[in-house]
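J.: Sequence:
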Amino acid sequence: MEPPGDSSVDLWWIPVGAGTHFQRASLLAYEWCAATIARRPRQRLVHGGLVCRLHGESFTLELMPSPPGPNTRDEVTGPVGIAAAGRLRLFRYQVCLLPNAALPDQQWAVAPPVRLAGDAETVEAIVAASRSVPAYTWGRRRPGHPEMWTSDSALAWILARAGLHPEELSLPPGCRAPGWQAGLAEAAQ
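Sequential numbering of the sequence shown, starting at 16, is according to the working numbering.
Any given hint could be a false lead.
[Stated by the list, open to error] Cβ pair distances, simulated, as ranges: (1) Pro119 / Leu43: 16 to 22 angstroms; (2) Ala135 / Glu183: 20 to 26 angstroms; (3) Glu136 / Ala100: 35 to 41 angstroms; (4) Pro158 / Ser185: 24 to 30 angstroms; (5) Gln122 / Ser147: 29 to 35 angstroms; (6) Arg130 / Ile52: 32 to 38 angstroms.
Worth flagging that the hints you see were computed from the coordinates, not collected in a lab. All residues carry an ideal CB built from backbone N, CA and C; glycine is no exception.
I would like the entire structure built from these sequences, with the hints used as guidance.
T.: This is the structure we're talking about:
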């Protein structure tokens, strides 16, 4: 048990679509197509989520479909698929800072968490960066980006803007985080 004043941030790698059969099936098909086109072996798709402690208070940071109800904490939201569809909540994602919450599907993590930092300043920088993530269309490639914009793009961008070095992080063996490179490219601009 950590002392109540501790601050930390841990990165969890969770399988994409761990909780739904439809999402899992569609992503398996996506990865099969992407691997075939790139002439590489298929890999397990993962996305990152952060479990943070700030002065003893815990919260998670993850990008997910926009939850029902008003966005009372002014968290960044963006469209999914095409920009015009973002007018409907069904086609919006949101950067969610959830107090005292576990990451959805955390029990399916593909590896132990990676401790990224153990100080309050870094956690505060991550929270600040999460409030200014570019709200690009999720699932679309931006000009000059190597991949489409995804939840992992936003997470890589947040970590880079918070002063961490996400380009140095290794994915679990046999895994791929689609969009990670797009976030690094955007943060470098």
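J.: Hint compliance check: list the failing hint numbers for this structure, sorted ascending.
T.: When the structure is compared with the hints, none of them turns out to be violated.
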